[in-house]
Each structure stands twice: as structure tokens, then as C-alpha cells.
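Each chain, written out:
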Amino acid sequence: MSKSHAALAAEFTADENRTDWHDETLWWVRQKRDKAVQQIPEWEILRQWASAIKEHTLSKLDEYLAIFEREAISNGIKVHWANDATAHNEIILKIIKEHSISKIVKSKSMLTEECHLNEYLHQSGIEVIDTDLGERIVQFRGEPPSHIVLPAIHLKKEDVSETFHEHLGTEKGNNDPQYLTESARTHLREKFIQSELAITGVNFAIAETGGFVVCTNEGNADMGAHAAKIHIACMGIEKIIPKAEHLGVFTRMLARSATGQAITTYTSHFHRPRPGQEMHIVIVNNGRSRQLGREDFRNSLKCIRCAACFNTCPVYRRSGGHSYHTAVAGPIGSILNPNLDMKANADLPFASTLCGSCTNVCPVKINIHEQLWKWRQVIAEEGLVAPSKKMSMQVLGYILSKPSLYRLIGKTGRWVLRHMPLLVKFKSLNPWYKQREMPEAPSESFRDWYKKNRRS
Amino acid sequence: MSARNTIIETVAKNKPALIPLPEMDFSQFETPVDLFEAFSKQLLVVGGRLIEMNDESGLSQLIQQEKSAGVNIINRVTNMGEPDVVPENAAALHAVDKAYISGAFGVAENGAIWVWESAMGQRILPFICQQLVLVLRRKQLVANMHLAYNRINVQEEGFGVFIAGPSKTADIEQSLVIGAHGPKALSVIILH
Chain A
34 MSKSHAALAA EFTADENRTD WHDETLWWVR QKRDKAVQQI PEWEILRQWA SAIKEHTLSK
94 LDEYLAIFER EAISNGIKVH WANDATAHNE IILKIIKEHS ISKIVKSKSM LTEECHLNEY
154 LHQSGIEVID TDLGERIVQF RGEPPSHIVL PAIHLKKEDV SETFHEHLGT EKGNNDPQYL
214 TESARTHLRE KFIQSELAIT GVNFAIAETG GFVVCTNEGN ADMGAHAAKI HIACMGIEKI
274 IPKAEHLGVF TRMLARSATG QAITTYTSHF HRPRPGQEMH IVIVNNGRSR QLGREDFRNS
334 LKCIRCAACF NTCPVYRRSG GHSYHTAVAG PIGSILNPNL DMKANADLPF ASTLCGSCTN
394 VCPVKINIHE QLWKWRQVIA EEGLVAPSKK MSMQVLGYIL SKPSLYRLIG KTGRWVLRHM
454 PLLVKFKSLN PWYKQREMPE APSESFRDWY KKNRRS
Chain B
2 MSARNTIIET VAKNKPALIP LPEMDFSQFE TPVDLFEAFS KQLLVVGGRL IEMNDESGLS
62 QLIQQEKSAG VNIINRVTNM GEPDVVPENA AALHAVDKAY ISGAFGVAEN GAIWVWESAM
122 GQRILPFICQ QLVLVLRRKQ LVANMHLAYN RINVQEEGFG VFIAGPSKTA DIEQSLVIGA
182 HGPKALSVII LH
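In the order they appear, the protein sequences are chains A and B. For the first sequence, my numbering assigns the number 34 to the initial residue and increments by one for each residue that follows. For the second sequence, my numbering assigns the number 2 to the initial residue and increments by one for each residue that follows.
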């Protein structure tokens, strides 16, 4: 494993002001979500329906995938299947090579991040321009997105200004978001007009109609898809919904949960290529069918990638998206990523307080915090917990099973706190002390107090 | 075995027992009494501007004035004679200042307007123009997204879109900026 969540989070929190700012900004997004949701009296009914539609779909997913494929083909769309990330990347490279294409734009697709498509194409000498503003910013900086909806939320406008000065020649020190956005607009409009091929993600794929829906605020998916002569849309198998009428439920929930908007600016429905255009869909598994077979975790496949769980999570807000070292960070990422690579992501289910706020805001009712807890058990059984954690748990388990030993340790601990407090203030031995003061040691244990007082 | 069959077979093997679709009765949801008032309010929230007119003749005059003032306009509004032909080339459309397009209907709960490909002429037009004007009749409003999808058959045309306001972004420090890639302004003309 490379650096763990805790190690990466420590790097992020080293800048206390920035950590506070990150925390407050995401909490503000969470509050906007609350306001939007409170205006919909039927919100809980919608959550129930959204969850049930997704559960139903998963229980017939093989049939719906086949129906979707059939309908999409009859709409004139070319359908490809990829069982893993490599196959997904190879399919896209093949299309690019067949048409000898060099100018490519891409709108936001977490699936292509998961598959590391840009890096893969880069190795074949092909450059992809990310067109979502936040994604373009992090692409210039050579960083991955830190949030699935707000890719550059870890950056301040001063950082963006520096980056744009370096790559787009904007005025040094001009930090005005309006000015910076306008500069990116000019730069990217040129890219759109020149592009030969556009890659987009998919928010919803409708089985009965063989079409798909893409939601953006910026209009970048549409600018790309409608300008280029080839459009490739990439989707995980879990993006399927049975019918168009189900969009009524999901389009009411997605943007409200994500940013507190009633709907995204553009909700685009693609069913057939425009005359003279080629339209491709790549349907990707990459471990999703395995997750479907895990009874405790299959529910995670209901996710619609709104990121409400990120914005509410006290750990995400204070540790930043990069500390999760995966394409999808946050609470939902911590239950999806152990399925992709349990060993590399064994730390993630522990990056949570299990407070349950993620579960409460989830529009499709995924029991996220319960799954985090269940993953911890699976990871422990597989012997993948850090040795220090494993040992301390074993020691704790032994102490808690021996009442007299427990009492002796308690007494010793209180004595040490009173007389040799420096002993517990070695941060390497006692990480709890890092951001906290140790408590005053009570003069006696509750048990001793109770024994003295119960008869009086 | 093909990737397709591998995926479909693994899914079939690993899927849970059948869970039924929910019964969805959205007629139980409260809807605004005055759809126009609710729509107008939401349109402002999403950054749109409302213009009320009696009929197409006023609109026709407005477009004539703008054209003679040198504004680069594409007019696709129906019931106003032959709509302008839209060039296919994106580079040619880049210079369009203003596109007038007929919306199919508006949604009161979020200020979104459904626009069919046939109304655009070219799919890219409502995205690439600097300013977008959507034209609606006052009676073409529904309360919410359930009723919106009831009203359309989404695969009737190759492309269709709900548009709610001008293009926007908040990717720099969550500061809202209007005019990301698409139009910097959206006006909605309501014909009474």
C-alpha cells in the first residue's frame, strides 16, 4: 500500500487554516442541500422510490442490460462491453486509432477516472482535454480530482490564478473567479470547436428506450458531444434505470442532493447520433458484478454519485479528497474501493467516525455507515488491518476480558496521568494526544465510587 | 466468452432475488395553484430572465430591431414564418450572439424548459450561442418533473434537453460564475 488515509490526512491538516476553510466550504454546500430538500415535502417518499427502483433494477440487471443494449443498437448507437478498466481503455484507444484522431475533449466521468483513461491514452501519445472547469484546473496541475462533483474544491482561488497564469497566460495575481472562468471559457471553446472526438460520462441509462442522460451545469458535455463527429459515452453497469418515467424521481433528487440546486442547468437526453455522427457506449463492469454478489455491500451499487455523503462527512471535510487515494473519495468511495482492491484500500473503511450522517443524506438510502463497519470486519478477517491496530485491539480485548486486570490498569493509568503526565504525551505512542489535551484523572473509578455510595 | 456474456452471466449469477418496482403515485404530491407564478420564481433562482409578450408580432419586431442593429441572430421560433437555417459547422456558430428557440414546455418546480432537437436546428445551437432566448406559451407549463416526463416520449427525437438558466459554474472556491462554456444569459419569453 502507498500512503494510508491517516498519513495523507496528516499532510492535509498540516495547514490548519486551509483545513478549516475546506471544512466550512463543504458544510455550506451541505446546508444548501438541506434547504433545497426541505422545500420538497415528499422528499422521503422520493428517497423510498429511488431506493426501490435501484434495488429492483439490480435484481434484474442482467435483463435490463440486454434490453438496453438491444434498444441502443436499434437507435443506431454502437455498444461495447468492457469487463475491466484495461478493456475499457483499449476500446476507446481502438476507436481513436481507427479514425486517426488527435483532438479529444472529455467531460466529467468518474468511471474514466476509475479506469485511469487519461494516463493510459497519454502512454500511447494521445492527450485528452478535460473540459469541466474544475477538472481542467486539476489537470493543469497534474492532480486527480479531490471530489466527484467539485473536482477542485481543495484549491483556493489564488492557486487557480497561479495555475492559469502558468498555463493560460492570465494576469499574475488576478484572483477574480469571473476573470479566471472567462479565460478558461475562451481557452476551452477553442478546444470544443477543434475537437474530433468527445468522451462523456452517463448519469442514467434508460433500458426501455436505449438512451442515456448526462447532467452538467457548465454545458461542457453538450459542447463536446455536439461539436465532435464521434461521441463516446462511458457507463458502469449500475447506471441503468428501467424506464424514462423513473427519471422524474432521479432528476428531482440528484442536483438537490449534490449542490442544493433544484436541477442541473442541462439535463441532456441522448438517443440517436446526429446525422453524420458516430455514437458509442462503453458498458463497464470493473468489479461491479462482484460487488453485486456481496450481500452486505451490493446496496452500494445504487449510488447516483451526488456526493452528499462527502459534504456531510466530518472526516472527508477535514481530511480532503486526496487523502482517500482513489478516484471516488468520501464515505461512498470507502465502501466501493475495497471491492476494487481490498488490500490497497483496506485503510478506507476506517476513515470514518461511523456517525451515520452519510446514510441520512443519501438520496437512494444506501446504509453507508453500516457497510463501512461491515468492511472493517471483512478486512480484519482477511488479516489486512495495520499491525499496530491489530495488536492494540488484541491487547484491549485481553484486558477487557479480565476484570481484575482491567481495574489494575485503570488505577495505574489514573496514577500515571496525575504524577507522570509526560508519559502519555509522546504523540508517537499516543496519537489521541495530537490535537487534544489529556483529561484530568478522576480520583477514583466509577466502580469504586458505586461500591461506596450504592447503599446510602 | 465475450466480455458481454461474461458480464451478463456474472450479473445473473450474483444478483439478488427479484425485488418488485415500487408503485409510484405522484398525484399525491402537492402542486402549485399558479404554475406561471411558481415557474417565474424558479426561473429567477436559476439565473434566467423573464419577458412577457402578447404574441409573436411583438417578438418579430424585437428580432427585426436587433438584426438591423447588427446583432448576429439565429431565429428558430415556430409560427413566425420559415425558421433560419442553422449551419452545421460549430466554428460558424461560435459567432452567434443570440439564438431564439421554441421550448416545448416549462417545469414550475425548477424553472427548466424542455427543448427538442427539431426546434434547435442543430443540437449545439442552444449551447454555443452567447445568449439564449427560449420562447414558451403561458399554458405550456407543468408542475414537476414527474408530469414533465409524462408529457414527453424521450426517444421521439434523437436528442432533447431540459435547460434551467444560463450555463454556470462554481468550481473556483464555490463562487457562482454565469457563463461557463455555454450561454452567458438565458431569457424566457412567455407569450400570453
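By construction, these hints were calculated from the structure, which means they are not laboratory data. It is possible that some hints are incorrect.
Within a straight-line C-alpha distance of at most 25 Å, the following computed DMTMM-like cross-link-like pairs (lysine to aspartate or glutamate) qualify [unchecked claim]:
| no. | chain 1 | residue 1 | chain 2 | residue 2 |
| --- | --- | --- | --- | --- |
| 1 | A | 111 | B | 31 |
| 2 | B | 16 | A | 241 |
| 3 | A | 467 | A | 195 |
| 4 | A | 111 | B | 98 |
| 5 | B | 16 | A | 278 |
| 6 | A | 68 | B | 89 |
| 7 | A | 276 | B | 89 |
| 8 | A | 467 | A | 176 |
| 9 | A | 276 | B | 174 |
| 10 | A | 224 | B | 98 |
| 11 | A | 262 | B | 89 |
| 12 | A | 65 | B | 174 |
| 13 | A | 398 | B | 174 |
| 14 | A | 376 | A | 311 |
| 15 | B | 99 | A | 215 |
Between beta-carbon pairs, the in silico distance windows are [unchecked claim]:
| no. | chain 1 | residue 1 | chain 2 | residue 2 | range |
| --- | --- | --- | --- | --- | --- |
| 16 | B | 3 | A | 426 | 42 to 48 Å |
| 17 | A | 47 | B | 139 | 14 to 20 Å |
| 18 | B | 175 | A | 431 | 27 to 33 Å |
| 19 | A | 406 | B | 92 | 53 to 59 Å |
| 20 | A | 152 | B | 17 | 47 to 53 Å |
| 21 | B | 35 | A | 204 | 28 to 34 Å |
| 22 | B | 17 | A | 61 | 36 to 42 Å |
| 23 | B | 88 | A | 152 | 33 to 39 Å |
| 24 | B | 152 | A | 467 | 42 to 48 Å |
| 25 | B | 7 | A | 103 | 48 to 54 Å |
| 26 | B | 31 | A | 464 | 40 to 46 Å |
The following residues of chain A were derived to be distant from chain B, with all beta-carbon distances above 12 Å [as the list claims (entries may be wrong)]:
| no. | residue |
| --- | --- |
| 27 | 206 |
| 28 | 241 |
| 29 | 281 |
| 30 | 306 |
Remember, it's a predicted structure, so these values are computed and weren't measured experimentally. Cβ atoms here follow ideal geometry from the backbone N, Cα and C, with glycine treated the same way.
Evaluated hints:
Taking the CA atoms of residue 111 of chain A and residue 31 of chain B, the gap is about 42 Å. The hint is violated against a cut of 25 Å. Between residue 16 of chain B and residue 241 of chain A the CA atoms are separated by roughly 20 Å; this keeps the pair inside 25 Å, and the hint holds. Simply put, residue 467 of chain A and residue 195 of chain A have alpha-carbon atoms about 33 Å apart, too far for the 25 Å limit, and the pair is violated. A C-alpha spacing of about 35 Å is found between residue 111 of chain A and residue 98 of chain B, which places the hinted pair above 25 Å, so the restraint is violated.
With a CA separation close to 24 Å, the supplied pair residue 16 of chain B and residue 278 of chain A stays within the 25 Å bound. Only pairs whose Cα atoms come within 25 Å are accepted, and residue 68 of chain A paired with residue 89 of chain B is rejected, the gap being roughly 42 Å. For the hint pairing residue 276 of chain A with residue 89 of chain B, the CA-to-CA distance comes to about 32 Å; that exceeds 25 Å, so the pair is violated. Note on residue 467 of chain A and residue 176 of chain A: the hinted pairing is violated, with a Cα-Cα distance of about 29 Å set against a maximum of 25 Å.
Between the alpha carbons of residue 276 of chain A and residue 174 of chain B the distance comes to roughly 37 Å, so the proposed pair goes past 25 Å and is violated. For the given pair, residue 224 of chain A sits about 19 Å from residue 98 of chain B by alpha-carbon distance, which is consistent with the 25 Å threshold. Of the pairs offered as hints, the one joining residue 262 of chain A and residue 89 of chain B holds, with about 11 Å between alpha carbons and a cut-off of 25 Å not exceeded. For the proposed pair residue 65 of chain A and residue 174 of chain B, the alpha carbon gap of about 15 Å is at most 25 Å, so the pair holds.
Straight-line distance between C-alpha atoms of residue 398 of chain A and residue 174 of chain B comes to about 29 Å, which puts the hinted pair past the 25 Å bound. Under the criterion of a C-alpha separation no larger than 25 Å, the hint pairing residue 376 of chain A with residue 311 of chain A is inconsistent with the structure, at around 40 Å. The hinted pair formed by residue 99 of chain B and residue 215 of chain A meets the criterion: a straight-line CA distance of about 18 Å does not exceed 25 Å. Taking the beta carbon of each, residue 3 of chain B and residue 426 of chain A are about 46 Å apart, inside 42 to 48 Å as hinted.
Checked against the given bound of 14 to 20 Å, the beta carbons of residue 47 of chain A and residue 139 of chain B, roughly 58 Å apart, lie outside it. Distance hint check: the CB atoms of residue 175 of chain B and residue 431 of chain A are about 49 Å apart, inconsistent with the given range 27 to 33 Å. The hint said 53 to 59 Å for the Cβ distance between residue 406 of chain A and residue 92 of chain B, and at roughly 55 Å that hint holds. Checked against the hint of 47 to 53 Å, the C-beta distance between residue 152 of chain A and residue 17 of chain B comes to roughly 35 Å, which is inconsistent with it.
Remark: the range hint 28 to 34 Å for residue 35 of chain B to residue 204 of chain A is contradicted by a beta-carbon distance near 48 Å. Checked against the hint of 36 to 42 Å, the pair residue 17 of chain B and residue 61 of chain A passes, with Cβ atoms roughly 38 Å apart. For the pair residue 88 of chain B and residue 152 of chain A, the beta carbons lie near 37 Å from each other, so the given range of 33 to 39 Å is met. Checking the proposed 42 to 48 Å range against residue 152 of chain B and residue 467 of chain A shows it is violated: the Cβ atoms sit about 58 Å from each other.
Range check, residue 7 of chain B to residue 103 of chain A: about 18 Å between beta-carbon atoms, so the 48 to 54 Å window is missed. Between residue 31 of chain B and residue 464 of chain A the C-beta distance comes to about 52 Å, which lies outside the given range of 40 to 46 Å. Non-interface status of residue 206 of chain A relative to chain B is upheld: no Cβ of that chain comes within 12 Å, the nearest being about 15 Å off. Non-interface call for residue 241 of chain A relative to chain B: violated, since the shortest CB-CB distance, roughly 9 Å, does not exceed 12 Å.
Look at residue 281 of chain A: its CB is around 4 Å from the nearest CB on chain B, not clear of 12 Å, so calling it non-interface is violated. Consistency note on residue 306 of chain A: stated as away from chain B, yet its beta-carbon is not over 12 Å from all of that chain's, at 7 Å minimum.
Hints 1, 3, 4, 6, 7, 8, 9, 13, 14, 17, 18, 20, 21, 24, 25, 26, 28, 29, 30 from the list above are not met by this structure, while the remaining hints are.
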